[in-house]
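Place chain B on chain A using the hints.
These protein sequence lines map, in sequence, to chains A and B.
Going by our numbering, the final residue of the first sequence carries number 1548, and the count climbs one at a time with no gaps.
Going by our numbering, the final residue of the second sequence carries number 426, and the count climbs one at a time with no gaps.
Simulated DEER-style distance windows between Cβ atoms: (1) A:R1516 with B:L368: 23 to 33 angstroms; (2) B:D373 with A:T1517: 36 to 46 angstroms; (3) A:E1538 with B:A284: 26 to 36 angstroms; (4) A:P1521 with B:S194: 38 to 48 angstroms; (5) B:K111 with A:V1510: 34 to 44 angstroms; (6) B:D263 with A:V1510: 39 to 49 angstroms; (7) B:Q287 with A:L1512: 12 to 22 angstroms; (8) A:R1529 with B:A89: 32 to 42 angstroms; (9) B:L239 with A:R1529: 16 to 26 angstroms; (10) B:R280 with A:P1511: 24 to 34 angstroms.
Short derived list, chain B residues pointing at chain A, Cβ under 10 angstroms: (11) R286; (12) I291; (13) A316.
Since the hints were derived computationally from the structure, they do not count as laboratory data.
Just so it is clear, CB atoms sit at the ideal spot from N, CA and C, and this is done for glycine as well.
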Amino acid sequence: MTPGDQPEHPSALNDLAAELTPLVDLSAVPLAELRTTQSPVLANCIRRLEREVADSEAATAGFNSAV
Amino acid sequence: MSSDRSVRGSPPQLLSAECRADLMGEWPESGLDIEPAILAHWQPVPIREYVIKLVSGCNLACDHCYVYTMADTSWRSRPALMPRATIARTSARIAQHAAHHKMPRVRVVLHGGEPLLAGADQLDYTARVLRLQLDPSVALEITIQTNGTLLTEEFMKVLHSHQIKVGVSIDGREAQHDRHRRYASGRGSYALAAAAINLLNKPSHKELFGGLLCTIDLRNDPLEVYAALLEFTPPVIDFLLPHGTWSSPPPGRDDSAATPYADWLSSIFDRWYFAARQETRIRLFEEVIHLLLGGHSTSDQVGLSPADYLVVDADGSLQLTDALKAAYPGAPETGLNVFDNTIDQALRHPAVLARQLGLAALADKCQRCAIVSACGGGHYPHRYRRGSGFLNPSVYCPDLIRLIAHISRQLRSSSPG
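Bound-form chain A, shown alone (with noise of 0.2 angstroms):
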């Protein structure tokens, strides 16, 4: 691959993304207990994320629009 002409990141930002860890590990958590999480907007993904789970068809980015 060809490397383009690629912008810097602010150092500041680097040092933010270095020291993430991309994933919440939530592994050590039965899902019984993840399943009782009292945020509304979590329970609904970790309902998502048991779909996909479950779902054999890959995941893919559709078209950016609300509906």
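For chain B alone, kept in the frame of chain A given last:
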């Protein structure tokens, strides 16, 4: 690259050989040299979603529209309305592709310009011919993205008959919305957009209310915008970053470490995420959370999932995302069209490859970044820089890092265990 692209108003196939060679000098048209080992085990993802531009024009003259106000002016040379023969041919190509790849479902987004300018009969024809061409076993999901100003009960009958869900573009309260979304006369469009959303909120139509699309303007207070949108009780909101590139940066985005868009969005995230009950869905935030939890994105704004959609313009040309019009004239063009080419042929276009190869098609800096699985290099058009093409981090890179870090922190603080 020395020549000025702003004077090139024609699609690439109409450009001189010299201009074409100039355009071909940028990545991915030039230099997409994926390692053979990757390609040997890789198959393109079939196209599952089609954005059909039924209309080239629009009844509004929004000053932030990527179709009419940015580098590309190809809409001037398209037919005002997609002819029925083109609709039929498009439907046949979609059906052919779905049958070849044994696809269980196909999604179609009716788009423009303003797609309601096509009229109710044309919407009805389009939906009918799509359904007729597809094998009955293939599920067809049709949606429409509109500015709302023309939505009437007559349209609603057609939309109901084909179960077409409706997304409406609205940017906040009246003053916020009308700053950009105006008629050519200068008159604002908020009142009619709001009326359309209220129509969709009628009990008899509510099932077709797909959601709201809001383009961010940093001058607007984020919580005020969110509150205004919530008053319409939308099932989902999508916040769009204004389109821009390294060569033509979006408003408020410069080379500094400032993160105005992340700060704007983070305010809304906190209000949304910590609400006692979920007030609505916010697509961008849900996608980032899902990615941080280890899932795969279904949006082309973030994540590394392969893009599975193409645009069919009113003249039948097969194109990449419209938002590429922010980069340079002709950027969305593939040189292919529904009359002469199959959808499978488009799958080998360099820019389609670039949107399907995930990590392998990102800039070195992105590949090394700790949050690349969540960010995915950002929205493809936002990576453009004149001279090097799209092999760059997003022009929104600092904002994406800051936003993903913020969401990650909030997620950790509220997760069980």
